Amino acid sequence: MDLLYFAWVRERIGIGHEHVDPPEAVRNVADLICWLAGRSSGHAEALREPGKLRAAIDQKFVPLDALLGNAKEVAIFPPVTGG
Amino acid sequence: MDLLYFAWVRERIGIGHEHVDPPEAVRNVADLICWLAGRSSGHAEALREPGKLRAAIDQKFVPLDALLGNAKEVAIFPPVTGG
Amino acid sequence: MIRVSVDTAPIALSQEVAALEERGAGAVATFTGVVRGEGGVTALELEHYPGMTEAVLCDLAEAATERWGLLGVTIVHRVGRMTPGERIVFVGTAAGHRREALDACAYLIDRLKTDAPFWKREQRGDAAAWVEARESDSAAAGRWD
Amino acid sequence: MIRVSVDTAPIALSQEVAALEERGAGAVATFTGVVRGEGGVTALELEHYPGMTEAVLCDLAEAATERWGLLGVTIVHRVGRMTPGERIVFVGTAAGHRREALDACAYLIDRLKTDAPFWKREQRGDAAAWVEARESDSAAAGRWD
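Protein chains in written order, with our numbering: chain A, 1 to 83; chain B, 1 to 83; chain C, 1 to 145; chain D, 1 to 145.
Derived by calculation from the structure, the hints in this document are not laboratory data.
The structure displayed is predicted, hence computed values, not measured ones.
Do not take every clue at face value.
To be verified - 27 Å max Cα-Cα, derived DSS-like pairs, lysine-lysine:
no. : chain 1 : residue 1 : chain 2 : residue 2
1   : A       : K60       : A       : K72
2   : A       : K52       : A       : K72
3   : B       : K52       : C       : K120
4   : D       : K120      : A       : K60
5   : A       : K52       : D       : K120
6   : B       : K72       : B       : K52
7   : C       : K120      : B       : K60
8   : B       : K72       : B       : K60
Can you build the whole structure from these sequences, using the hints too?
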């Protein structure tokens, strides 16, 4: 699974993308965020408040309880601020 | 009193402005229109349907029953179509 | 900044927008009316009531500035003869935020349609006809009361 | 005509408007967001989600075209670094009548604010801070549901 990070999530984690193979217990986006937080202190720092995070699966916005299914690309980021 | 005519009112009357001294019985814009209609066949043609006319006194839109008072400039024209 | 112009010259959109952007506002909204060639229209002639027109447009610009706290308003209306593809009217607003700029822009063009003394004549080849006022314009203007 | 662009180059407003005017529509509405220097902001950096951004903007343009019967839609969003006075975003619509053009323009910028994956970072001298999302943007986008 390809992961993409944007804005301060990217900055705190220290990388913009990585490839991971989460265990089967990681079923939805919230599970994934929780599991990722254990990967490094940067991950922990970026992901410690899931309520401040938003996500997209295969380039579609999804709520954090969305199932990962066969997701190829999951993006995690703060609420958008364009325009 | 200076009169101004615009659009098809001007065209039918044949002139864009004229100076008139209406009699005292001409109290409001509707009276004025009625009185003006007698000045020429062009006036009659332009002014025969007051319901299709709009007016301004001293450059402010007014309803046809507005009193002329000490009006210096009265304009008669069709509904506006700018923009 | 309030800028009102009624002129026979073509409307210089880039310059008008640039002047609004220079107000330092975050949001600029514009509306441009363009002559359409549909129905065989070959030219449009715009007549107006000199003096009253400018006064009405200034009043509208001032009312919008006050109501939405605008940093800039521009209303430019062309008069005389113009052909399909040319701009008839430009309305532009500058404000701190988008809602104010957008609402004020819609207000100005809606009210201009009913409050400003302009008259349009459409030319189709050799034939010319005065455009009739539309009921829907009064309704659109009324929603801002 | 639907034109969507996400680019680091400055937004060429005159060209964008000209392309919309050439659609032969009677009404063109635009919204332009400009970087403000207030609060000591010296620069703005825009990050986005390549691929998803363009797809979202195309979807919005298509939805607006269908809903309001538009003849043209342009959405241009700048990314990368820009300074006060520069354009961040341009939204333009061309339609037969003003109501459609104006409403569609407001819809597009409201929805872009909540639906498109852009993130802003403000620079104030040496300090940089990510801009926080505003509740009012969700409310504004919601009124089009």
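27 Å Cα cutoff - pair K72(B), K52(B)
Distance of about 23 Å is within 27 Å: holds.
Below or equal to 27 Å on CA atoms is what counts here, so check K120(D) against K60(A).
holds (20 Å)
Would the pair K52(A) and K72(A) pass a check requiring their Cα atoms to be no farther apart than 27 Å?
Since the Cα atoms of K52(A) and K72(A) sit roughly 23 Å apart, the hinted pair holds (cutoff 27 Å).
Would the pair K72(B) and K60(B) pass a check requiring their Cα atoms to be no farther apart than 27 Å?
holds (12 Å)
Hinted pair, alpha-carbon criterion (27 Å max): K120(C), K60(B). Please report holds or violated.
holds (20 Å)
With a cut-off of 27 Å on the C-alpha distance, tell me whether K52(B) and K120(C) pass.
Roughly 16 Å separates the two Cα atoms, so the pair holds.
Would you mind confirming whether the straight-line C-alpha gap from K60(A) to K72(A) stays at or under 27 Å?
holds (12 Å)
Holds or violated: K52(A) with K120(D), Cα cutoff 27 Å?
holds (16 Å)
The structure fails none of the hints (numbered hints given earlier).
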